[in-house]
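In terms of the working numbering, the sequence shown opens at residue 1 and continues consecutively.
Heads up, a few of these hints could be off.
What the hints assert, rightly or not - Quick list of simulated restraints, FRET-style, between CB atoms:
1) Glu109 with Ala63: 24 to 32 Å
2) Gly243 with Arg56: 44 to 52 Å
3) Tyr182 with Lys29: 55 to 63 Å
4) Glu189 with Tyr20: 42 to 50 Å
5) Leu176 with Leu85: 17 to 25 Å
Said to hold, decoys possible - Under the rule of at most 30 Å between Cα atoms (straight-line distance), these lysine-lysine pairs were calculated in the BS3-like manner:
6) Lys91 with Lys80
7) Lys29 with Lys40
8) Lys163 with Lys232
For the record, the hints were derived by calculation from the structure and aren't laboratory data. Model, not experiment: these values are computed from the prediction. C-beta atoms are modelled at their ideal positions from N, C-alpha and C, and glycine is treated no differently.
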Amino acid sequence: MIDAIRLPFRRDRQLYRSFYAILGFYPRKIELYRQALTHKSALTGEAGRRFLNNERLEYLGDAILGAVVGDILYNRFRSKREGFLTSVRSKMVQRETLGRIADEMGLAELLKSNRMNGRTHNSYLTGNAFEALIGAVYLDRGYDHCKWFVDNRILGRYIDLNKIVRQESNFKSRLLEWCQRYHVAVVFEVLEETMETDTMSPIFLSRVTVSGVECGRGTGYSKKESHQAAAKEAMRRLHKNTGLKKRVLENENKVENGDNTDNKTLVPA
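Between the sequences and the hints, there should be enough to build the whole structure, so can you do that?
See the structure below:
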């Protein structure tokens, strides 16, 4: 109530209102929230402002968000084992989910960046900004406010826990299980690492081979992300293309019998 009474006398009344609509409470240290929504590209060429972007807050928010989500899941699913809790938490805090939440909350409109140049990377930037926002809330209001924010403003509104429990997102694990079932070898490898010219963000291209047969490729802003994308493509093709599955199993038999002539075969998509 005190924050609401002070609002008419604040210089950035509209910004306070925007954050209230997102958070459900008024910021006390507005500069933290400005920093949380300032990408490093927006400060290019501004000497002495190197640490005023959101990277450090993103680092802090990532840790706090993981703890908060773990806390909520631990108390909500009291009969579930560690593996289940870890899987659900991973789905909730993955980059794609955070980017979607940030977009639906309206963070993209408040984010200061010169690099909003594509849907995929927008999700990457806004997901980082969401983590930075969590870091700002933690420094401004403390852990309990962070937990209240996630529990009351995110869950149910932007995340359906029942749906996310059923959602399959770890395609790499699924592919490894498939390979174990058929007793075939699987190899993930990074083919190249490039840098976006405008953002200087690394982009990884990975491929996955099963029994020496290339089954999928994928890109991502981390090695893990590119591996998941490659595994997702591989699972899609192995289930859809019976000829590819047959080729993989036949190739494994050749390898076991000492015939490597067909090893590392690249199968076109």
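To see whether the hints hold, each was checked on the structure:
no.	hint	result
1	Glu109 with Ala63: 24 to 32 Å	holds (27 Å)
2	Gly243 with Arg56: 44 to 52 Å	holds (51 Å)
3	Tyr182 with Lys29: 55 to 63 Å	holds (56 Å)
4	Glu189 with Tyr20: 42 to 50 Å	holds (48 Å)
5	Leu176 with Leu85: 17 to 25 Å	holds (21 Å)
6	Lys91 with Lys80	holds (16 Å)
7	Lys29 with Lys40	holds (20 Å)
8	Lys163 with Lys232	holds (19 Å)
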